[in-house]
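Engineer: Sequence:
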Amino acid sequence: MPDRTDHGNPGNSHTPGTPGNLPPETRSFVGRHAELARLQAALDPAAGPARTVSVVGVGGVGKTRLALRAAAEVQGAYPDGVWLAELSPLHTAGLVDLAVMETLRLADQSTRPVIDVITEWAHGKRLLIVLDSCEHLLADCARLAAALLSRLPGLRVLVTSRERLALPGEEVLHLEPLPVDGRPGDPARSGAGDAVALFAERAAAAGRPLRDDDPAARATATAVCRRLDGIPLALELAAARLTDLTLDQLHTRLGERLPSPLDLLTSDTDERPPRHQTLRTAIGWSHELCAPLERLLWARLSVFSGGFSLEAVRQVCAGGPLPPERIAGLLDRLVAQSIVLPDPVISARYRMLDTVREYGADWLHALGEERAVRRRHRDHYARLAREGCAEWNTGRQVAWCERVLTDHANLRTAVDCALAEPDGAPATAVEMAGHVGFLWRHCGYLREAQHCLDQALAAESPPGPGRTLALWSRGAVAILQGDQEAAANWAVRCADAAREQGSPVAQVAAAYLRGGHLALTGRQAEAIDVLDAAPRLPVQDDGFGAAQLQARLALSLAHVLRGEFERGREVADEVRTASRKQGEYWCGAFADYLIAQADLARGDIRAAVSGARTSIAGHALLHNTVGAAMSLDLLAAAVVTAGDAHRAARLLGIGTRLWELTGRAQMDSPDLIATRRTCELRVRERLGDDAYTTAYGAGLVMSYDEGIAYAAITQ
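This note's numbering applies: residue 1 is where the sequence shown begins, and numbers increase by one.
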C-alpha cells in the first residue's frame, strides 16, 4: 500500500518518528481506569502468555476508544509499530488479509499469498496489530490471527468485536457500560460515576455545563445516564442534543420516547442483548428528534464506506424531497448532533460510527431506497474513476492520486456493487473495473486492481474502449507484479481487443504490454522490434495517453538493458519532454531514472546522482514504491562511483527495505538483479564486510519516509 504521512498529537497517536498508524485522539478519554489498566497489562509482552486480546461488548460501548488508548500507552513495547486495521469498511469476505497488508504499508506487487508477504516482512519484528470491528468478518479474522501468531513470535493481536474470535489462549475483556452510580469498595467498578462524568463533559462542550452547586441538575443528569444505561455512544448523542434542549427537556423527551419505525424491523422474539436494545433505543430517540430531512440524509449516508466529502454527499444523497441545496445545512445539523463526525485527519471530510451507520442502513432498507441509493453511490464513484482516468496524463495527476487514496474504501464498495448486480451488467462492471483498476495500478493498490479486474473480465462482455482499458490495466498490473507469464497472456488479449476496436492508440498501449514483458524477461532485441514498430501518435491526456508514454519508456529500458545507453537516453529524454508538457509525474520519474542510468554509464556522475534523486522525488509524490526502489538502486551505484561507499551501503539498505515492501525485488528482472548485485559487491569491497554490514543495516531499519528523506540529502 502507498506510504502516507502520519499525523499525531500527545494523546492517542504513535510517537512521531516511530512506526505505526494510530490516529489522533480528538476527544478526551473519560473513566475506564480499571479496564485500561487490565488491557495495558494484557498487552505487555513481558506480562503473560496471551497473545490475542479481545475487547468484546455491544455496539457503542467504547471498545475502539479503549483499545486505541491502551495501544497508545503500550506502543513503546513494540519497536516495529502499533498498527490499526479498520475493518468496518469491508463488505466482502476474503479481504481481511489484504486490508492488514495495506495497513502495514506493504506495497507488495507480487502474486504470492498475502499471509506469506506479511509473515516475511514481520519475521523477527515486535509489533501489535489492532483488528477493529471484527464482528462481521469473524471467521476471516480468526483465521488470519491464528496463522500470523503461529508464525510470528513477536506479534500480538488486539481485537475489538461484538463477539470473541474463539482462539486458543485468547484473553477476553468484556466491556460493560460506564457505571452511573458509585459502588465503594468494588475494584471492578473503580470508575464510579464515569457515565455522569462523561455526560457532564460532553454537556459542557455543548454549552450546557453542569454546575457543582446545582444538585438538582446533577440528579437529572444522573437520571439521564441511568435511562441510557451508561452506554457511551448513547450519552454522547444525548449530550449533543443540549445545543437545542435544556437538561430538563432532554430528560422529559427521553421519558416520552415513542416507538420508532425501526421497531417494525424486529420481531417480538428479538434475541439481541438488553443493552444492545438500549443502545438502539437511544439512537432511535436521537433519530426521532431529527427533522424528517435530517433522518433521510442519515439513512442515505449509510451507503458510504470509510468517509465522505460534502460534494459526494450532494451527488449520492440528494433527490426526491432532499434537494442538493439543502445538503450542506442538513449535514451541519447532523454534525452538531454527533450523528456525523468530522474526519480527525483529513479536513472537509466526514465519517459515521459503525453503530450509527448500521441504524441508518436499517432505515434505508425500511424506506425501500437501499438499492437505488447504493446504485447512486456506485455511479458517483464510477464517474470519479472515469474522470480520474481522463485526466491522469495531465497536471492533475498528483491530485488524482491523493483522491484515489482518500476514497479507496468507497471505490472498493462501488466496484463490489457493480460486480454484484443481480440483473447482470458485464459491460458496466468491466468499464468500471478498467477505470478503477487503472488508477489503483498507478497509486499502489496492485492486488486490489488484480482482484477486481479478474472478477470483471471473467464474464463475457461486449468489445469497446472500456473492455480494452480493463485488459490493458490487468496486463500492466502483471508487469509490475513481476508475473511475466500472466503479462504475456494479457498482452495478447489486449492486442486482439485493440485491433477489434480499431483504435491506433489502444494498439500502442497493447505494444507496451508485449514489449515491457519482453524487456523484463531479458529479450531486449525482440522488445525493441515490437516497440519500435508501434506508431508515434499525439499523446492523449487520458489513461491510454499514459500507456503511450509507458510504451516509449519500455523502449528506452530495453535499449539501456541492452547496453545501448545513448539510444536509451534519447528515447527517455523524449518521454521526459512529453511528460513535462503533459504536466504528469508517473512516466516522468521513470524517464529521469533511465536518463540517469545512461549518464552513469557514460561517466557523468554528477548528472546521474542528480537525476536519480529527481526520480525518487517524483516517484514519492505518487507513492510509487517500485519506482523509488529502482531509483535508490541507481543512486547507490552512482554514489559509490563518486567515492562515497559508506553512503552507498546505507542507500542499498534503504532500497532493500523498499523492495521488501513490494514483494518482488527488481521485479524479477534478471538484468536489474545482476546490476544490483554488481553494485553490492563493489560497495562491500570498498568498505569491508563489517563496515558494509553496519552501514547497510542503518539503511535497512529506516522507515519509508526517513529513507526517501535521506536519499534527497545532497553531499
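Careful: at least some of the hints might be erroneous.
Quick list of in silico lysine to aspartate or glutamate cross-link-like pairs, EDC-like style, CA-CA up to 16 Å [stated by the list, open to error]:
| # | residue 1 | residue 2 |
| --- | --- | --- |
| 1 | Lys581 | Glu391 |
| 2 | Lys581 | Asp529 |
| 3 | Lys125 | Glu660 |
Simulated from the structure, these hints should not be mistaken for lab results.
Engineer: Each of the hints needs a verdict: does it hold here or not?
Structural biologist: Hints versus structure:
no. : hint              : verdict
1   : Lys581 <-> Glu391 : 14 Å, holds
2   : Lys581 <-> Asp529 : 27 Å, violated
3   : Lys125 <-> Glu660 : 14 Å, holds
When the structure is compared with the earlier hints, a violation turns up for hint 2 alone.
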